[in-house]
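Participant: Based on the provided sequences and hints, a complete structural model is requested.
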Amino acid sequence: MDNFILYALLAGLGIVLSAGPLGCFIVWRQMAFFGDTVAHAALLGVALGLLLDMDVTLGVIIITALVTLALIVLGNQRLIATDTLLGILAHAMLAFGLIAAALLTGVRVDLMGYLFGDILAISRTDLYWIYAISALVLAVTGFLWKRFLMATIHEELAMAEGVPVRDLKIVLMILTALTIATAMKVVGILLITAMLIIPAATARLFARSPEQMAALAIVAGLAGFLGGFGGAFVLDLPAGPAIVATLTLMFLTGFGAMGILQGYKNT
Amino acid sequence: MDTEPITTSVLIKASGLGISFGARSVLSNVDICVSRGEIVTLIGPNGSGKSTLVKILLGILQADCGTIERRKGLRVGYLPQNFPLSGRIPLSVARLVALNGTARREAVVEALAETGISHLIDTDAGALSGGEFQRAMLARAILRKPDLMVLDEPVQGVDFAGEARLYRLIQEIKNRLGCGILMVSHDLHLVMGGSDKVICLNRHVCCAGVPVEVAKHPEYVRLFGPEARNFAVYTHHHDHIHDDAGHIIRVSEEDGDG
Numbered sequence: 000m001d002n003f004i005l006y007a008l009l010a011g012l013g014i015v016l017s018a019g020p021l022g023c024f025i026v027w028r029q030m031a032f033f034g035d036t037v038a039h040a041a042l043l044g045v046a047l048g049l050l051l052d053m054d055v056t057l058g059v060i061i062i063t064a065l066v067t068l069a070l071i072v073l074g075n076q077r078l079i080a081t082d083t084l085l086g087i088l089a090h091a092m093l094a095f096g097l098i099a100a101a102l103l104t105g106v107r108v109d110l111m112g113y114l115f116g117d118i119l120a121i122s123r124t125d126l127y128w129i130y131a132i133s134a135l136v137l138a139v140t141g142f143l144w145k146r147f148l149m150a151t152i153h154e155e156l157a158m159a160e161g162v163p164v165r166d167l168k169i170v171l172m173i174l175t176a177l178t179i180a181t182a183m184k185v186v187g188i189l190l191i192t193a194m195l196i197i198p199a200a201t202a203r204l205f206a207r208s209p210e211q212m213a214a215l216a217i218v219a220g221l222a223g224f225l226g227g228f229g230g231a232f233v234l235d236l237p238a239g240p241a242i243v244a245t246l247t248l249m250f251l252t253g254f255g256a257m258g259i260l261q262g263y264k265n266t
Numbered sequence: 000m001d002t003e004p005i006t007t008s009v010l011i012k013a014s015g016l017g018i019s020f021g022a023r024s025v026l027s028n029v030d031i032c033v034s035r036g037e038i039v040t041l042i043g044p045n046g047s048g049k050s051t052l053v054k055i056l057l058g059i060l061q062a063d064c065g066t067i068e069r070r071k072g073l074r075v076g077y078l079p080q081n082f083p084l085s086g087r088i089p090l091s092v093a094r095l096v097a098l099n100g101t102a103r104r105e106a107v108v109e110a111l112a113e114t115g116i117s118h119l120i121d122t123d124a125g126a127l128s129g130g131e132f133q134r135a136m137l138a139r140a141i142l143r144k145p146d147l148m149v150l151d152e153p154v155q156g157v158d159f160a161g162e163a164r165l166y167r168l169i170q171e172i173k174n175r176l177g178c179g180i181l182m183v184s185h186d187l188h189l190v191m192g193g194s195d196k197v198i199c200l201n202r203h204v205c206c207a208g209v210p211v212e213v214a215k216h217p218e219y220v221r222l223f224g225p226e227a228r229n230f231a232v233y234t235h236h237h238d239h240i241h242d243d244a245g246h247i248i249r250v251s252e253e254d255g256d257g
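Protein chains in written order, with numbering that gives the first Met the number 0: chain A, 0 to 266; chain B, 0 to 257.
It should be emphasised that the hints constitute simulated quantities derived from the structure, not laboratory data. Using N, Cα and C, we set each Cβ at its ideal position, and we do this for glycine too. Fair warning: there could be bad hints in the mix.
As the list claims (entries may be wrong) - Computed list of chain B residues with no C-beta within reach of chain A, every gap over 10 Å:
#, residue
1, R69
2, D123
3, V149
4, R221
Claimed, not checked - Interface residues of chain A toward chain B, partial, derived using beta-carbon atoms under 8 Å:
#, residue
5, L102
6, A138
7, R207
To be verified - The calculated lysine-lysine pairs, modelled on DSS-like cross-linking and capped at a C-alpha distance of 30 Å, are:
#, chain 1, residue 1, chain 2, residue 2
8, B, K173, B, K196
9, B, K173, B, K71
10, A, K168, B, K144
11, A, K145, B, K144
12, B, K144, B, K196
13, B, K196, B, K71
14, A, K145, B, K71
15, B, K173, A, K145
16, A, K168, B, K71
17, B, K144, B, K173
18, A, K168, A, K145
19, B, K144, B, K71
Facilitator: Quick look at the structure:
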């Protein structure tokens, strides 16, 4: 097998492993828009990385971390709703990122690659990043699972029982930012949130417990990734969009199947 | 304020609590104390700061002023007012009850049996009725073997007949666990009979004491209307009133003409 295909497969597997459980929390806590905002900020990170001649992933991590921090600080006021703040930041970051990319002279920025993913360009360094972050996400969510769950199910009840709700929220935001920073290589800035939420949403249709949902999200993510990647390879389609399209078809099929089952039960 | 030391039966004792949200003062100079074995009920109109006070006592909100003393190692079981358990998270009743703990299944079954819904153990928690859900949450509180149970509107979403049963269950739980209970409620008629102490709150403590005393307090009558006095057990529509021991005591002159 060619190296670049092997790298692509390994990258997909690495991302799916952490995106499954993390995506569940994003779905449960309605953080999808946060994911989008962080992803949009990533483009500015790319520009920063290129500008300062450092590892692009590092540049992305720095910018996404800053955006996360800004959201945490701004979230403490009551005048502007969180989703408005997210909307402002998401589009502002994308605008600034596109401007920065346009201003970068001397470097050819593969804008399409960053926006929609360029899975065949995955390098060995990218793989190291992906697996390091994936391992970190799995370790932290595994270790904090019960507390994350408690804080997700009822924030105030969790606080009354001594769960450090605020800290956990920040940890979750940081893990999401890190995952997006490394996973954007595969499906791109504009599609990355789909990798997090669609497998989790599909898993919700069939899961009977939170743990089942996390495990099924990994399975659904892997199936969608392999199906989309394979389909893109055979039909010569862009891989990122093909993966997201496959994930969506799986979700819709599941949803339809559930609907038919429910209708059947109710008659 | 008074600084007597926290005695063995006192679970939580707060004095001089105050909190403002922006320019709006929500609570000021509130004293409250809950001891082992007693039911203390907070009553008051909407927006009177009942839930806010509960949240301060639980450490969810930080008071601007005042002191809170908790018994060392105080274990609290909390039943919050709003529990928006959506279908987003797949959660069986067993999981909901055992959440944030390490209870074995037998213990969960036992706790659910105490609240009368052990047959629902494997049901999806999102599919429970209002009363069943409150019972599941009570079971969860029991499982934590609390010294203090804090119940914010425990009978919401429960039909009228269910309300009385649920209050009776709370009383039984208190007797069995020997814990203290701090309860927020709108149900004057049921609460007044079952409580050891009632605190009538309207951004400050309007009046407090045993139910019969509170029921005849002019502030209470002003807040809830003269007919509210009828809710209190043992009260008569005459110029005298019986205290808990059945002694006749005088009604103050300002007392309304209900």
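Participant: Are the hints correct? Go through all of them and say.
Facilitator: Quick rundown of the hints versus the structure:
1. R69: R69/B clear of chain A: closest Cβ-Cβ about 12 Å, beyond 10 Å.
2. D123: violated, 8 Å
3. V149: violated, 8 Å
4. R221: Consistent with the label, R221/B stays out of reach of chain A, its closest Cβ about 32 Å off (over 10 Å).
5. L102: violated, 42 Å
6. A138: Hint on A138/A: violated, closest Cβ of chain B at ~21 Å, above 8 Å.
7. R207: holds, 5 Å
8. K173/B <-> K196/B: holds, 14 Å
9. K173/B <-> K71/B: Distance of about 20 Å is within 30 Å: holds.
10. K168/A <-> K144/B: holds, 28 Å
11. K145/A <-> K144/B: holds, 19 Å
12. K144/B <-> K196/B: holds, 23 Å
13. K196/B <-> K71/B: Distance ~23 Å between K196/B and K71/B Cα, so the pair holds.
14. K145/A <-> K71/B: holds, 25 Å
15. K173/B <-> K145/A: Cα-Cα ~28 Å, so holds.
16. K168/A <-> K71/B: holds, 29 Å
17. K144/B <-> K173/B: holds, 11 Å
18. K168/A <-> K145/A: holds, 14 Å
19. K144/B <-> K71/B: Holds. K144/B to K71/B sits at ~15 Å (cutoff 30 Å).
Violated hints, in rising order: 2, 3, 5, 6; the structure is consistent with all others.
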